[in-house]
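**Student:** Now for the letters of each chain:
There are 2 protein chains.
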Amino acid sequence: MSGTNLKKLAEELGLSISSVSKALRDSYEIGSETKKRVLAMAEKMNYQPNPFARGLRKRKSITIAVVIPEIANNFFALAIDGIQVIAQQKGYHVLTYLTQEDFKNEESTVKHLQGGRVDGVLISLCGNTTSIKHLTDLNQSGVPVVYFDRVPDMLEFPTVTTDDYECGLKATEHLILAGCKKIACLCVAGFLSTTQKRRLGYEAALVKHNIPFDPKLVIQCSNENTANRALIKKLLSKKGRPDGIFASVEKLAISTYYVCNDIKLNIPKQVKVVSFSNLRTASLLSPSLTTIAQPAFEIGKASAELLFRMIEKKNLGNRIEKIVLQSSLIQRKSSAAQ
Amino acid sequence: MSGTNLKKLAEELGLSISSVSKALRDSYEIGSETKKRVLAMAEKMNYQPNPFARGLRKRKSITIAVVIPEIANNFFALAIDGIQVIAQQKGYHVLTYLTQEDFKNEESTVKHLQGGRVDGVLISLCGNTTSIKHLTDLNQSGVPVVYFDRVPDMLEFPTVTTDDYECGLKATEHLILAGCKKIACLCVAGFLSTTQKRRLGYEAALVKHNIPFDPKLVIQCSNENTANRALIKKLLSKKGRPDGIFASVEKLAISTYYVCNDIKLNIPKQVKVVSFSNLRTASLLSPSLTTIAQPAFEIGKASAELLFRMIEKKNLGNRIEKIVLQSSLIQRKSSAAQ
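First to last, the sequence lines map onto chains A and B.
Just so we're aligned, residue 0 is where the first sequence starts under numbering that gives the first Met the number 0, counting upward by one.
Just so we're aligned, residue 0 is where the second sequence starts under numbering that gives the first Met the number 0, counting upward by one.
If you are wondering where the hints come from, they were derived from the structure by calculation, not from laboratory data.
If you're wondering where the values come from, they're calculated on a predicted model, not measured in any experiment.
Take these hints with a grain of salt, some might be off.
For chains that are exact copies, the list does not tell them apart, and a pair is met inside one copy or across any two.
Pairs of lysine-lysine, PhoX-like flavour, derived with a Cα cap of 20 Å [unchecked claim]:
id: 1; residue 1: K89; residue 2: K103
id: 2; residue 1: K180; residue 2: K332
id: 3; residue 1: K263; residue 2: K332
id: 4; residue 1: K34; residue 2: K21
id: 5; residue 1: K6; residue 2: K237
id: 6; residue 1: K180; residue 2: K21
id: 7; residue 1: K232; residue 2: K35
Isolated chain A (complex conformation):
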């Protein structure tokens, strides 16, 4: 067994098991002289290279990385809380990296993590991630990776997501049942699976209720709040404006509120609003905001659990897991029927 070997090695060297283990995984806490001595002895005592290499890979850094795109977003705050709970149980440290919705940042962060600095990686993609070469490279480097919420759609990536399509449908249907006849869908431009699925759910609800689909009511927004407000203002100022807004992300709901304040449009009397959101202040807004709330904490936990199963090579075989958790509609005043 590798444990016995480590003990024997430590005895022979007159070092603690922990120091030997740290030296073998090239920890900064151990001097280079000691590392050399440990490696030489490991070789001399024929410390089995294979389990040793595996051991090295196994608990090299006792750290996992979390890569998230956005900071001022309560979904990610809660997801990280969930990740921390599991990491703490496992005695792992969590390093969190922000990509700031910037694909170049995402690429270089992923490259940085390829070097084997961490034992596993949890990633949620940027809005403008257009190529997945960096992701396949990371996969091939052998570091276990789990994607959560904003995930690449290819089969080869393990993912933890929420039921975006069903919730897009549920949110839109909720607006229809509250009396809306003309519902706009606010999307973030790009290739994000979440956005695509939420929009498809929106379309499905229209079909289900025999409302013709009008592509002009699907508004492609950006990461620029000012530009988004201008787009939404234009949409809500024209004749025959929509009487319902389905915001696929939280910041577009906030922009809608600002626009309605600005042009004195009453929510929910003149326009009803539903948004995907884990906003802390959703129920404190004027009016309180009806949300599709994602189980962010649980998504974090499930992602970390899956990652640790991959790190520990438990019960997975060659399966690539795709876990889907349910979100829920929380009805508040912004979508109240009159």
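Since the structure of chain A is provided, determine the placement of chain B on it from the hints.
**Tutor:** Below, chain B without anything else, positioned relative to chain A:
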């Protein structure tokens, strides 16, 4: 010159300049045998330690690190935007680390950065940072570091902050002028300079207006929203409750709103609220929240500018800069006089 030396060293060793440079900065890409050989030769050839260290530090990674304590906080989102603007001008990459208000995370992140992975570090401290040993270690490792917003108070650290004391005074005085007679100050427990100064400003405003200071009205909150709500509920439920709340951080204002909703206390009629905050939804809340808004974007810019002056050793001499930017009071309905 240091360039010549590195070249000579590389020639003597029969290695590429890049390999020698990597070995000298202890890169994981270079084996420990080679590193030893390079270090020995550097010593033998009397490779000047000082310019060597400086050269190494200069454009080693073309990356700066930003270490922040909290994710769901718009102050940090804006500050990072400001940092990015300057970093982009300089052609630097920004790696952002989250410590999640956890001192242990902060310690290990700082240790991780000591290895010379980045050319400079911007840090905002955790709420429960009690020791500064890791910060003095980082300073001594030679990596340029600038602290922003939540900073250690010692003279040796360059800092960029806002006028916390003056704004604590301004916020409290604003409540007094709006008619409040009994003002509570909601603080986050711990040693953060920001909290301490905001509280001292609160006390100064009371003194200025001849209102006796009651230590029972200074509420030490935590990072636990549930516990904070219980504390605030107790405070606002008892007889002779405060008629004004000065929240030194945003999340305590949000908790106050939830409590007031819960126990049906009208803001601003029965209790007025002012908070330090860069909340995106401040003006959308019911009622809209009067805030002390920090110039978060400018703080980020100024911090990054100072850091790059340190990295480039421009116009600094032995000075340690302490930059203070002004925050402003944005009056909204939560503190309206009746």
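**Student:** Could you run down the list of hints and mark each one as holding or not?
**Tutor:** Here is how each hint holds up against the structure:
| no. | hint | result |
| --- | --- | --- |
| 1 | K89 x K103 | between (32 Å within a copy, 16 Å between copies) |
| 2 | K180 x K332 | within (18 Å within a copy, 35 Å between copies) |
| 3 | K263 x K332 | both (17 Å within a copy, 18 Å between copies) |
| 4 | K34 x K21 | both (9 Å within a copy, 19 Å between copies) |
| 5 | K6 x K237 | neither (75 Å within a copy, 62 Å between copies) |
| 6 | K180 x K21 | neither (64 Å within a copy, 60 Å between copies) |
| 7 | K232 x K35 | neither (63 Å within a copy, 61 Å between copies) |
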